[in-house]
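These are the residues of each chain, in order.
Protein chains: 2
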Amino acid sequence: MSSLRSLYAKGDDPGLRTNMGVDYAIHYKIPTDSKERAEAEAAFTQLVEGLTKVGLATEVRDGHDSSLLIFVKVASGQYLTTQIYRERVQDWLYGVRAAAPDKNVAAAFEAEPISDAERLRLVYLLITRPKNDGGAGITPGSGQWSHVASIFPLHDHGFNKQWIKEWSSKYVLTDKDLHNIRDRFGEKVAFYFAFLQSYFNFLVALAGFGFGAWLILGRYTFLYAVVNSVWTVVFFEWWKKKEVDLAVQWGVRGVSKIQLPRNDFKWDHEAADPVTGEAVKVYSPINRFKTQLLQIPFAVGCLVVLGAVYLFCLSVEIFISQIYNGPFKTYLVFTPTLILTGVLPMLSTILGNFAEKLTEAENYETQDAHDAALVQKLFFINFITSYTPLFLTAFVYMPFGNLLAPYLDIFRVTAEKISTKGAITTQGFEINKARLKNQIVYFTVTAQLVNFALETIVPIVKRKATQQVEKMTSKEAAAADPEGEHAFLERVRHEASLATYDVTGDLREMAVQFGYLSLFSCIWPLAPLSFLINNWVELRSDAMKIAVSSQRPIPWRADSIGPWLNSLGFLSWLGSIVSSAIVFLFNNENEGPGGEPWEIKLWGLLLSILLSEHIYLALQFTVRYVLSQIESPGLQKEKAERFAMRRRMLKESLGEEVTQKPIPPTVQSGEKITRKALEEEAREMSVKGSSPEQAFWHRQQGMDETVQVGRHIFSQVSLTAPCPRERC
Amino acid sequence: MSSLRSLYAKGDDPGLRTNMGVDYAIHYKIPTDSKERAEAEAAFTQLVEGLTKVGLATEVRDGHDSSLLIFVKVASGQYLTTQIYRERVQDWLYGVRAAAPDKNVAAAFEAEPISDAERLRLVYLLITRPKNDGGAGITPGSGQWSHVASIFPLHDHGFNKQWIKEWSSKYVLTDKDLHNIRDRFGEKVAFYFAFLQSYFNFLVALAGFGFGAWLILGRYTFLYAVVNSVWTVVFFEWWKKKEVDLAVQWGVRGVSKIQLPRNDFKWDHEAADPVTGEAVKVYSPINRFKTQLLQIPFAVGCLVVLGAVYLFCLSVEIFISQIYNGPFKTYLVFTPTLILTGVLPMLSTILGNFAEKLTEAENYETQDAHDAALVQKLFFINFITSYTPLFLTAFVYMPFGNLLAPYLDIFRVTAEKISTKGAITTQGFEINKARLKNQIVYFTVTAQLVNFALETIVPIVKRKATQQVEKMTSKEAAAADPEGEHAFLERVRHEASLATYDVTGDLREMAVQFGYLSLFSCIWPLAPLSFLINNWVELRSDAMKIAVSSQRPIPWRADSIGPWLNSLGFLSWLGSIVSSAIVFLFNNENEGPGGEPWEIKLWGLLLSILLSEHIYLALQFTVRYVLSQIESPGLQKEKAERFAMRRRMLKESLGEEVTQKPIPPTVQSGEKITRKALEEEAREMSVKGSSPEQAFWHRQQGMDETVQVGRHIFSQVSLTAPCPRERC
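Protein chains in written order, with our numbering: chain A, 76 to 803; chain B, 76 to 803.
Watch out, some of these pointers could steer you wrong.
Chain copies aren't distinguished; within one or between two, either way the pair holds.
Quick list of in silico lysine-lysine cross-link-like pairs, BS3-like style, CA-CA up to 30 Å [claimed, not checked]:
no., residue 1, residue 2
1, LYS365, LYS714
2, LYS365, LYS539
3, LYS178, LYS712
4, LYS365, LYS316
5, LYS104, LYS245
6, LYS539, LYS620
7, LYS245, LYS508
8, LYS714, LYS341
9, LYS245, LYS356
10, LYS206, LYS236
11, LYS315, LYS245
12, LYS236, LYS508
13, LYS676, LYS512
14, LYS356, LYS316
15, LYS404, LYS315
16, LYS726, LYS714
17, LYS712, LYS726
18, LYS236, LYS317
19, LYS726, LYS508
20, LYS128, LYS537
21, LYS317, LYS356
22, LYS508, LYS128
23, LYS365, LYS128
24, LYS714, LYS251
25, LYS356, LYS620
26, LYS236, LYS537
27, LYS432, LYS104
28, LYS356, LYS332
29, LYS128, LYS726
30, LYS332, LYS206
Since the hints were made in silico from the structure, they are not lab data.
In this text, all values refer to a predicted model and were calculated from it rather than measured experimentally.
Start from the sequences and build out the full structure, keeping to the hints where you can.
What follows is the structure in structure tokens.
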């Protein structure tokens, strides 16, 4: 926590005390080439003009290192409230809010004050939205705005300090904590923390059971696999419910439907929106579907390329560590690790770029749809890179190692050809039964630690170094800052140099972890405990990452953790298959000498997979049903609001009386049959003409007559003779 | 079609020409016991009073056979429209309608006239709803109303005649036809016909393919099984979409949420409804869940009892037809059929009653939930009775017959003990390879024919017979009918004697048929063709059944085919497993002498099931995705209505201006820096006090100054020296 100390220990660093009312800072690079500079200067002028036109006030300061800092805030409070009120009404129009905001604007903001996130999102939209949509159309780094390095809101360090301090001294985050995050950093970030906290809470139970299982049952037990599977189902279904509930509480349910249009969207033709009637740009879904079909060869390609790399490395590793016995063995053992370390990131990047191109070609209307499609592909790549080593060990190396070993002779032959001396010797191959466990320990403990280091410690070191350099190089400029602003500007310059926070990456990490848990934790029941500890730290270090080592994120809205939800569901289901297969293959083995795993009965394996999967599906069905029976407070609140809203509108527009029950007309008793009444009726009949229908309904005048006639018919039905003691 | 002729051939039967404006007829039995009669008479008086109080006009006539006919219509047109308007507003309040009805009542009914179904449903509710809910509280056959035999609307024979005539001369029902059904008989019946027509349309393709497969490929082919599976998925998913679309078009989407409370519901306590705030009766869902758990022993019980009966009959049948060779074989062969015919209906009834009791104990709030729970259980019983014979043949008799045959000796021993002569001889057992095919032919052709006969011809014969009897017995009463009403009353008396139409039974029949198709049609690819023909007739005979041999149904609303939808989904999924297993077991056999089916590799069977199911799931996922991309016209219309409604309300309640874009404040250029302006500013500062924030935003006055200062900073950054041709 050295970075925390460095930033907050002095307590009253004057630069952190105020944000000067600034909403956003725009970091503008000044090129050193004279021709480019002229362009940049022109663009800068247009930038300031553009911002001013959409109602934003600007101030400019020296950003050091050949850059400007343009500070932006909303020019008038009145303008801000009007804009936000309009956004809220829009939300209601699209069904995101159940109730329309109060007609009295002042009362509306009294009831629901403007949060930081709301204001900052609005200002960001004013800066970046296209001009014809009421924004300044400034898109960092592209086209005319290539010199705009970043647009970022300023950290609220007072809040951050409090936040980090609180979280490092409490065990569980409350709904209020999440609410605070939401108000400061937007729903997208808040959903990540809500997920992480829920996941952590559920992990406590599994970690406890896992520890017990490790002590008593050992590894590869059916009991642990079953409990693990139940746990994934319950957690996943519960989270789906929780997510909806949170979205309703935060007033963002259905917000994914009204997300921003994508700038790069290319349309075929314009058509009237079937819902709003406005002209919208349309791209043929059939063309998109055709492009989407390219995902199949893409997936096959990923599988083949990455699978081949892993298979090759596995072969080399087996050969060197278990067959090869020649010189340099100690060093050569690291060859496969070196290959993987060198080749994998490169391949991942290439495939990731390819995925991005493919998603680009699928040409989605909205940023959200685009992101979701991209996340799907990235998940697939991540899936292969994360789990293939374990799949290979469990389903290739362990059962078929003995069969494959002879083929590895090709390496020996190659090696002999290369080495001129005949010094290469080999030893007999024997399956390393601990390999699977060693791997899972590596992935659940070592890799998490390395990852933690990369995520938190490295950026701090990096930042310290840059700060040192900055301090030395920019000393001369300090004098140029206006009076009383130096500390503030230094701080903003520092924030400008930070990385942007990427919540998708953090969610990806959790999804991959959930996969290890669901698919492979039966190999080593301590895995959940390890993850529990990791996630306790993760929750706090991610908070630190946002507060200290990243720019403040743009507070985007979201109504769920997005496409990762599907990934979790998929991993949970796949877990039921993979776990049962692993347990079936290895539970009789216990690393003892007996039982060659490749001699197992195939039908037993298939049967256990089949059973496990169907038990899983039945369980999922049951859990869903049970959870659906439990009322969600958020949804109930929403329904009640909707209902109240409608009732109010109804009364307003239709008047009070329609909500009352209508009074039935009274035909209780016939008119007294007087001579006059009969005459009246006869006259009426002769005027109107008496149809059979009229005649039918005039036979009995009113209730009393009907009863009388009825009684008469009763009396005509012959009674059965009373039959005392005999059968009638 | 003899009944059609009998009813409509004469064309102008005077009794069919008019309904006398009657909405409902109440058939009231007059007991022949004097004490009971007094009670009945009192209840009759209360009945008429009750009806009158809720605004219904009544007329009473002699019903013959010791009964009354009470005719009911709404007393005033004004009252009817007020009530229906209120219902429509209520629908909108609960979200069933997207748009509220027009504020002008006359205009609202102009835009959407009252349909027959709407009026009849309202009147029925007025008659039957509890008194504290604004109805007369008349529940036929229970408590005080035990003498009310039935409450039924009168057939619109003009429409019926036209309907039957049209349908018997056209091949495909259009949306308009369905719309007519909906307007006359309500959405519940209309959904059945819509389903049947859609199913029929889809069957054309499968029947064609099946016929081709039968000609070319023969039986038990993978290709047919795959096509069949694809077909079930596409049909099922398509229907789910169609259903929503129809519900929206018919304005009943979500109507299942506001269904009627169940009369027999017992509550724990009262609580405020979280949505409407009204006090509602609550029953603990945990207690209900506990009762629901009883379904598990119930299901096991059904399975054991029915399974045992079938297994016993199968054994007896095998023994007699294939092992036994003694006297009376020709007759004894029918023993199992006789046992099944005698025992099965009895068992089904007992289990059905048990299911009803169980559902009663589960104590649902609404009639819909109760019906759904009951249907689930009935589906389970039906599933066992319908498919067990085929399951036994395919998975017990065929693969293990040879192994089981020796155990059947027990029958021989028993038989020998009973018969005193030693005349019983046995023959060697050989599996009857055609058994499976014979069975499926029986279920798809013979059983359908028998069923058709039971459903349509028997009721006609029965009715003819009763009519004959009636004519003879009630001749004397004819004279008592008021002038000009005799034909009409005779017709109503006839309708009173008819059965009520049960749409659930018809849906059950179709679900069972769909099951044969999905699970077993790979045994005999002509099955879909047989079903296609059957359903063409079914569609028309069901129309006839409603029009001619049933009372007019109460026009209930519904937004889907209800719980049967789940049954179809289940059967479609199970089909992927069962079909693949059957094809795997029998496709190499072809009834030839080679290949003992019980020698098949178990792992092969399991693998083919596993593969088939996962291909099915992937297929389902894909079809769902593709269908979700296609816009549904109904849903679009609904969204557009909702949006327009909101926009209209917004304008009404908030005024025009909020939907306009706000005009940003202009801070385009700073004031000219004059002596006067500077003085002004200095004074302002001294009055307000200058905070650092104020000072920060006052450094640059307006856009132009910001640009100037920015340019100044640009100019201070040192340019790189131009470096022609060398690296800089």
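Status of the hints after comparison with the structure:
For a Cα distance limit of 30 Å, the shortest separation of LYS365 from LYS714 across copies, 28 Å, qualifies, whereas the shortest one inside one copy, 40 Å, does not. In this assembly of identical chains, LYS365 and LYS539 lie within 30 Å of each other by CA distance neither inside one copy nor across copies; the values are 50 Å within and 62 Å between. Taking the shortest Cα distances, LYS178 and LYS712 sit within 30 Å of each other both inside one copy (21 Å) and across copies (28 Å). In the homo-oligomer, the alpha carbons of LYS365 and LYS316 lie at most 30 Å apart only across protomers (23 Å), although the nearest pairing inside one protomer, at 34 Å, exceeds that limit.
Proximity of LYS104 and LYS245 under a CA criterion of 30 Å is satisfied in neither setting, with 42 Å inside one chain copy and 75 Å between copies. Only within a single protomer do LYS539 and LYS620 lie at most 30 Å apart by alpha-carbon distance; the minimum there is 15 Å, versus 86 Å between protomers. In the homo-oligomer, the alpha carbons of LYS245 and LYS508 never lie at most 30 Å apart, since the shortest distance is 42 Å inside one protomer and 72 Å across protomers. When the C-alpha separation of LYS714 and LYS341 is checked against a cutoff of 30 Å, the pair qualifies only between copies, where the shortest distance is 25 Å, while the shortest distance within a copy is 38 Å.
Taking the shortest alpha-carbon separations for LYS245 and LYS356, neither the intra-copy value of 50 Å nor the inter-copy value of 42 Å comes in at or below 30 Å. Proximity of LYS206 and LYS236 under a CA criterion of 30 Å is satisfied in neither setting, with 38 Å inside one chain copy and 64 Å between copies. Taking the shortest Cα distances, LYS315 and LYS245 sit within 30 Å of each other inside one copy (26 Å), while across copies they are farther apart (49 Å). In this homomeric assembly, LYS236 and LYS508 never come within 30 Å of each other (Cα to Cα): the closest approach is 50 Å inside a single copy and 81 Å across copies.
Only within a single protomer do LYS676 and LYS512 lie at most 30 Å apart by alpha-carbon distance; the minimum there is 23 Å, versus 33 Å between protomers. In this assembly of identical chains, the alpha carbons of LYS356 and LYS316 lie at most 30 Å apart only when taken from different copies (25 Å versus 34 Å within one copy). For a Cα distance limit of 30 Å, the shortest separation of LYS404 from LYS315 qualifies neither inside one copy, at 51 Å, nor across copies, at 64 Å. Taking the closest pair of Cα atoms, LYS726 and LYS714 come within 30 Å of each other both inside a single copy (18 Å) and across two copies (23 Å).
Proximity of LYS712 and LYS726 under a CA criterion of 30 Å is satisfied in both settings, with 21 Å inside one chain copy and 26 Å between copies. In this assembly of identical chains, LYS236 and LYS317 lie within 30 Å of each other by CA distance solely inside one copy; the values are 29 Å within and 56 Å between copies. Within a single copy, LYS726 and LYS508 get their C-alpha atoms no closer than 75 Å, and across copies no closer than 73 Å, so neither meets the 30 Å cut-off. Taking the closest pair of Cα atoms, LYS128 and LYS537 never come within 30 Å of each other, the shortest separation being 39 Å inside a single copy and 86 Å across copies.
With identical chains, the CA atoms of LYS317 and LYS356 are at most 30 Å apart between copies only, with a shortest distance of 27 Å across copies and 35 Å within one. Taking the closest pair of Cα atoms, LYS508 and LYS128 never come within 30 Å of each other, the shortest separation being 70 Å inside a single copy and 86 Å across copies. For the identical chains of this complex, LYS365 and LYS128 are neighbours neither inside a copy (43 Å) nor across copies (66 Å), given an alpha-carbon limit of 30 Å. Taking the shortest alpha-carbon separations for LYS714 and LYS251, only the intra-copy value of 23 Å comes in at or below 30 Å, while the best inter-copy value is 35 Å.
Within a single copy, LYS356 and LYS620 get their C-alpha atoms no closer than 39 Å, and across copies no closer than 51 Å, so neither meets the 30 Å cut-off. Proximity of LYS236 to LYS537 under the C-alpha cut-off of 30 Å is restricted to the intra-copy arrangement: shortest distance 22 Å within a copy versus 87 Å between copies. Taking the shortest Cα distances, LYS432 and LYS104 sit within 30 Å of each other inside one copy (28 Å), while across copies they are farther apart (78 Å). With identical chains, the CA atoms of LYS356 and LYS332 are at most 30 Å apart within one copy only, with a shortest distance of 16 Å there and 36 Å across copies.
In the homo-oligomer, the alpha carbons of LYS128 and LYS726 lie at most 30 Å apart only across protomers (28 Å), although the nearest pairing inside one protomer, at 42 Å, exceeds that limit. Only within a single protomer do LYS332 and LYS206 lie at most 30 Å apart by alpha-carbon distance; the minimum there is 22 Å, versus 45 Å between protomers.
In terms of the numbered hints stated before, the structure departs from hints 2, 5, 7, 9, 10, 12, 15, 19, 20, 22, 23, 25, listed from lowest to highest.
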